[in-house]
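Since each chain comes alone in its own frame, lean on the hints to assemble the complex.
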Amino acid sequence: MPLYHNDDQAMLKDSVAPFVAEQAPVSHLRKLRDSADATGFSRDLWAQFTEMGLPGMLVPEEHGGLGMGHMEAGIVLEEIGRNLTPSPFLSTSVGAVAALAKAGGTQAGRWLPAIASGEAIVALAIDEGAKHRPDRIATTATRAGNGFRLDGKKSFVLHGHVADMSIVAAKTDGGITLFAVPKDANGLTADSRRLVDSSLASHVTLDGVEVDADAVIGEVDAGGDILDALLAATRTGAAAEMVGVGQGAMDMTVNYLKERKQFGKLIGEFQGLQHRAAHLYGEMEVARATVMKAQQLLDEGSEGAKLMVSVAKAKAGRAANLAVREGVQMHGGIGMTDEYDIGLYMKRDRALAEYMGDVHYHIDQVARMNGY
Amino acid sequence: MSELDAFRAEVREWLEANCPAEMREPVRDEGDVCWGGRNWVFKNDAQKQWLEACVAKGYTVPDWPRPYGGAGLTPEQTKVLKQEMKRIHARSPLDSFGIWMLGPALLQFGTEEQKVHYLNPIARGEIRWCQGYSEPGSGSDLVSLQTFGEDKGDHWVVNGSKIWTSYADKADWIFCLVRTDKANKYQGITFMLFDMASKGVTTKPILLISGNSPFCETFFDDVEVPKTQFIGEINRGWDVAKYLLGHEREMISGGGAGGDMVSIGGAFAKAFGKNAAGELDDPILRAEMAAFDVDVFAYRAMGERFMDMWKTGRAHPASSNMMKYVGTELNKRRHELVMSGGGSEALEWDSEETKGGARARGWLRTKANSIEGGTSEVMLNVIAKRILDLPGA
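Chains G and L, in that order, are what the protein sequence lines are. In terms of the working numbering, the first sequence has 311 at position 311, counting the first letter as 1, and numbering is strictly consecutive. Just add 1000 to the spot in the second sequence (first one is 1) and you have the working numbering.
The hints are simulated quantities; they were obtained by calculation from the structure and are not laboratory data. Keep in mind the model is a prediction, meaning the values are calculated, not measured. Possibly wrong hints are sitting among the right ones.
Example chain G residues on the side facing chain L (calculated, C-beta under 8 angstroms, incomplete) [what the hints assert, rightly or not]:
#1 Thr205
#2 Val254
#3 Gly272
#4 Gln274
#5 His279
#6 Tyr281
#7 Gly282
#8 Glu285
#9 Thr290
#10 Lys315
Non-contacting residues of chain G with respect to chain L, defined by C-beta distances greater than 10 angstroms in every case (computed) [what the hints assert, rightly or not]:
#11 Gln9
#12 Ala138
#13 Arg288
#14 Gly335
#15 Thr337
Even glycine gets a Cβ: it sits at the ideal position worked out from N, Cα and C.
One chain only, chain L, in its complex shape (with noise of 0.2 angstroms):
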């Protein structure tokens, strides 16, 4: 047996005796999905467990090393325990913009004192963090923001607002774009860190046409922010976020932006009835169905050849945007897929029947996902000039 195998077994068998079975069951609803911090209330004990046990083991963020929480596994292993997990249908023990985003720029900016800082309650689940990029005037233009932080010497005096700050409301605390120079667009931002719990700090839910708020506005207003709170130096945090901005489209394109990968023609049989022939009972709906899941089996081949060579070193350092400009683009399609198949029942808003209307609200949401995170016409751009080098891109 190869080392890696011996490895699954023990994951396999670490599962079995850890993971309860509530946790294998599919995600009904948003109290299903565990953020954890300061804030959060467990559904149930099945919810807890899981993560004290993933805490325990450093499963929570697997190829982190252990002085900051992880297991310190290599990307082969972390492969193996993510396909175990898959296999048993297994939750994810925590979801986190701690770990997908800031945990990422903090292992590569961050210092050694500031690692173990933060990292551990990450990985933890006990502080649940946001993020401050986005302004009302800065959308596709981020690094046009005018959030400023002004110099008093020990500190920063925060003014200004940002936008789409997912889970502000929720959040413990903010990792935040803030202009430092006034003069200097790109080498005038610095990345901090502050608690949301600060005197004037402020958020206000969005209502969105899905009909749920999961984005806020957040106002600054004279917060104050120690100038030891922030990660790689003054006046730089433009590296950072552009680092972890990759890091985002990674997570996205890792995570399967392409939805849950399997195939949508199948899902729509049962409802559709088939036809003598075993096809499903609406020839052009099963035509663009079954095209859609070529398109899917082959994004799905594209995801784990990404993962393979992003992990080691092999990938061209923009193509996360193209895998984030093709998923994202992928699942609208689905959902627009997902809804002709419901027909006039997936119009239904707050029905039992629905569970709330979430095939249409589903369908709502996605169509932010060509916009966050960078909109698809931008990732063309960046593709167009990093990857194809086309001129004045």
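Just chain G, same shape as in the assembly (with noise of 0.2 angstroms):
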């Protein structure tokens, strides 16, 4: 497959580019921040989503979704991320339904259609600390009576205040089980804080929750390969944001240097900023096309996937952060303010940065899956 979009993927983008720019350009962020919105989105935009089947993108056919791959949902992510608009979609439509999907049986059953017509928000309850660390999961669930009881703390749970599921990764017997933890199960409370770039995310506490048996997503002790699913999803995913957040700095950027006057020329005409506006350029050019290969090797299944994804992470990570912090530094003391939007693109940048692995995380996962 050419690393490039096929029609199909270019229709796509055509139809969403435009959707999600007119309806939830940044100033709809800005809306909500303004407001004190205690949600965390838009409900009435998600609707909308809805309505062009983008939730359930990633659900299988037979689950009522459209069966689409990672190179599709990114379409969808670059333009979120373009336009910083607040959506439970890299969660819910990706993180959530890869899991699903891969782990197939009664949970799948129950929750891709909910996701996939709109009515389910999903959170991923996986960290525990201050950064990601998935290996180290400390939550435990012990079996009691006819199922569960788990104990633990999850944190940098997005949408975990108002999901109607949570996927919470936690310790068996003999090794990692998911479970799919709904919204009113007692013991279970999510304390959202507001973060830097006004999304929302929660410290969730598990006092004591007592899950069915048939909360387990897939098999007991089997949940490594789903959680690895998960990651891998949600990574990209997050990869494909940052791909937009980046490239709308960076658009931003250099249209500035194309406007903004100072000794008597136009900024862009120094050679001093031209050439880091290039070398950015080269940099956000690269990420792009890591973050496809990393869909597309994850959409046939490869087994390359996995390092793909991380360099991924890892690359539109070091490239969305450049563009951003270029940005700032272009637009001088303007940049500075709250009135424009460049500074609302390092904020979102920060935190998909640090979601599901920072920078150092992934180069550090890079060499292991090296052999150094």
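Quick look at the structure:
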């Protein structure tokens, strides 16, 4: 498969890009932020997403979805990134769907159709400390009665306070097990915090949460592979969103270089800025290609996907970070003002960079996967 | 089975039958690279046999049309052939500036007669070409070149000098930018072709910091060039040159300007040993190597996307400048890490154990990557102007 969008994918982009730009531009984020919105996203917008079938893009057709791939989901995520659109798309429609579709069974049958129909928002309760360390999960699931009892603390759970269901990764006797914990479960509390990018993420406490045996996603002790699928999808999705954030910041900055005059010249005439902008362009192009490659390998079910996913998360992280830093610097004083959007790009980039493993985590993973 | 799968099977079978085992070994030194030409001495029978097999099949230039010595393959088929050759680690049967640079220019600007006349010997490895572009006073500002061809009716008399002419001392012919109109900077250059054995041509190898001399100074002293030996139009050689520079960048990028594109950390883990956690036992170098590996794997994806887009006309025409810039900077970084990884052993200049200081010389050689074929700074200028459309660039 060539590494560019085919005709169908190009058509998808042609419909999604103007839709997101019109319905949820940066002013949409500002409106939610300035009204101290408690949900973290617009349910009206999610209803519009649903009309276009977007929440169920990755949901297999037998569960009521469109059965598309990560390349297609990435198209939506890039536009979400470019417009800084607050949306549960990444956790619900990408991360959760990847896990449920991989696992199959009761929980897949219950939640995939609900995701596809736009009814269910799903949160991913993976992280436990300030850093992403999925190999050191301490939350426990112990057998109790007819099912399990969950105890532990989760952090950085986006949409955790409004999610209809949270996917909780916990330690069981013989490995990792994933659980579908419904919103109303006793002992589940989600303490939501406003993050730097105005999104809401929860500290989730599981204090003796009792779930039935059928809450297990997949098989007991066999959640490792399902967690891997969830992580690969979410990381790739976050990388695609970062490409959108970086591209949005870069476009805005390059335009600014063509408008702003100092010393009687457009500042874009100065070679000192031209070379930095050109360097950024190269980094962004490489990041885009890398994310597409990861999407392609995931869609093919290739063994090389895992390496490329970490490469993509790291590379997109570096490139988007450069884009927002150069963006604020090249905007000068106004780049520091709340009124200008460039600072919002910097904030969103920071949150996405941290989500599901930062640049350093993934660079380390690349070393491990190459035997050093 | 799709047509492409059938082609792949056919290629696989052909390679199995025709690529000698010795030609599947890594290239160890300059002599392992086959450049062809009038004076070429094959290193061994396998090298000769491999070239002849490829020539017969059109595989030295697989995507050129058959009448010019190619195999007439589609871009997809060419990609398959390259993949299959890579799979068995087959060496390139023929490296050639004729294939990489002059060929594409002839295909684009040459007359039918010129294509037949010049391309076939290139494809067969019979004529080795060199490129006469830079001059002592014209590096990045190439268009200021002053080597002059005086019009003498049926021929030009060329005087001047070129510099950084790769392997000029070993080449049979030169394609050369020569000023033919002093009053017109851009439209006063002609793209000439002539025999390096012509009277008045001399070459002098330049000793580089690597201790090697792949480049020459080339002097023209009243060299007579028939007025049939040019490509495109008289005084419009700059169009050809620009087109060719694009191809050169494509070649540099497509050919993996990022070096051999494999994990660098993996290669050094053995030399350094590993700690109890199985990590390369030098945490800071490990981190730098891993960060570099991320960039290498990322650039590999970029290379694939660039070629897919370039071959189908989807790429921005100036995107080869970006590939050249990113790839060459990456390759320089690789060699800095190779030197750090090698420690004091890598400093040895001529010992047998270091294959004659291969690492040190290779490291120094890469410093030219971001100078030759347009400096990184010129690449950034072009990106700023042609892709980002920045003012006054």
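Against the structure, the hints come out as follows:
no. : hint   : verdict
1   : Thr205 : violated (32 angstroms)
2   : Val254 : holds (5 angstroms)
3   : Gly272 : violated (11 angstroms)
4   : Gln274 : holds (4 angstroms)
5   : His279 : holds (6 angstroms)
6   : Tyr281 : holds (6 angstroms)
7   : Gly282 : holds (5 angstroms)
8   : Glu285 : holds (6 angstroms)
9   : Thr290 : holds (4 angstroms)
10  : Lys315 : holds (4 angstroms)
11  : Gln9   : holds (13 angstroms)
12  : Ala138 : holds (20 angstroms)
13  : Arg288 : violated (8 angstroms)
14  : Gly335 : holds (18 angstroms)
15  : Thr337 : holds (24 angstroms)
Checked against the numbered hints listed earlier, the structure breaks hints 1, 3 and 13; every other hint is satisfied.
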